[in-house]
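Chains as they are written, first to last, in my numbering: chain A, 1 to 268; chain B, 1 to 273.
Worth flagging that the hints you see were computed from the coordinates, not collected in a lab. If you're wondering where the values come from, they're calculated on a predicted model, not measured in any experiment. Keep in mind that a hint or two might mislead.
[As the list claims (entries may be wrong)] Below 20 Å or equal to it, Euclidean Cα-Cα: the simulated EDC-like pairs (lysine to aspartate or glutamate) are:
no., chain 1, residue 1, chain 2, residue 2
1, A, K254, A, D231
2, A, K65, A, D75
3, B, K111, B, E137
4, A, K227, B, E200
5, B, K260, B, E185
6, A, K227, B, D197
7, A, K227, A, D260
8, A, K227, B, E196
9, A, K37, A, D62
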Amino acid sequence: MDHTVNSINSIANSPAFVLKGSLFTLSVLQLLDADLKKLGRELSEKIRLAPKFFHYAPVVIDLSKLSLNPNQNFDFQACNQVLRGHQLIPVGVRGGSASMHQAAQAAGFAVMIESSHTQADKNQPNLANRKTVSPVANKTGEIKEEIKEENKEELKDFKKPGNLLITSPIRSGQQVYAQGGDLVVVASVSPGAELLADGNIHVYGTLRGRALAGINGDTKARVFCHKLQADLVAIAGHYKVFEEVRADDDDFYKQLYLQDGQLCIGSL
Amino acid sequence: MAKIVVITSGKGGVGKTTTSAAVATALALKGHKTVVIDFDVGLRNLDLIMGCERRVVYDLINVINGEANLTQTLIKDKRVENLYVLPASQTRDKDSLTTEGVGKILDELSKTFDYILCDSPAGIERGALLAMYFADEAIVVTNPEVSSVRDSDRILGVLASKTKRAEEGREKVKEYLLLTRYSPERVEKGEMLSVEDVQEILSIPLLGIIPESKAVLKASNSGVPVSLDKESDAGQAYLDAVDRFLGETRAHRFINVEKKGLFKRLFGKKKAG
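Next comes chain A alone, as it looks inside the complex (with noise of 0.2 Å):
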């Protein structure tokens, strides 16, 4: 009797951590030329020009643009260290073969799963958002429940990215995500919902859980709702937790915005 209440407690005592999912802004680092002797000239010389212009970022090697010979082994390691050398903090790799890829794992990299808009926007200008955030709606822009962060079949039915309309209540449990444009919802929004935009939202009734504008990182979106009881409000990655309930009066027609990068609200 006694050791199974032990090992009860056992499982109740304090854990040593916790997975939780969340959204970062990485840089991409797109890699042109296998010469690492190469990129630490080029790297150096950045860092001459502008001291802190790395700062110790958190960045994702692109793999896509670097051609190799058939005998042609990329050392890893070395770019690890080169990259490091120069105020850099690379996290994992993208593109590229699979060979690749298991070369990169060897060496510590983490191997990123993109999403398939990826493929579009390699022209973009870095702040390209890489932990995948799966857009639920379909063509019609009606709202398909989608738990996992992840879901590359879902994403080939999504035909145009734009501006997404949606008007019924968006339920506990649902992720509505406005790809390429801004959401906007005429009707509330329930706790436990989570709202993503590459552009602004905006919500025509009262916005509950969570709103994540501007999450490809544009710092100038904006969140503009009737009545404000978020739980979270991100823009750009940016965020803020709100712990106490705000009082009724105070909360509606609130706009917030990025201002020196935090996170401000204002009213309508």
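Once you have looked at the hints, place chain B on chain A.
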């Protein structure tokens, strides 16, 4: 063609089975041929509430597995004409439920019944998903309490996406809110969510408000669906709700605090049930 109605909630213990029994009985009393199916495989309760637990020979899983046919399995209610019960299995578990199996049963029942009520188990797993999959309409049972409201909201999301109608892009499942265990005194004191509070979050048409009532416990213990207890407040509220379901207009009763006159306060006992 029968109408398939799922009685669901997400949260457990809010009154789904009580409601399934009460609504099925009320529909049958109005002359509609009704069958109520228990989808809570392994934890069956509907047969108890309907008062037919000693008459269960075969169950839903037997029919799905082809071990018995519907005629052998359906239990005809002894009190009310037009009312039948399809009980769940108590010994098997939810893995025995299959979409095709359930679909076939519903197709066969649709040929002879007007209403097919599916009593969903709590949660959002297999049993609950299958209970709602083929539904045309849904009664979402909610207590005026925060976790129940949150779970009902979740269930509404699931109804909008994981049903056959949603997958085929047909007209969506018609949703109704049934607020149960409502206590106007507690709402007035500010202890309990009001109808308006719940409506603000769920935003679906209100089918009815069933007051917290002693009659419900009495009814389930005696195996009599509460809508047969026509003297009780809960019974009457269910009958009103079914009238509304059938398209009639009824004012919501039992939602205001009863103002007791001096005579009642001095001599009146609390109304039974």
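Handout entry: In rising order, the numbers of the hints this structure does not comply with
Key = Violated hint: only 7; rest satisfied.
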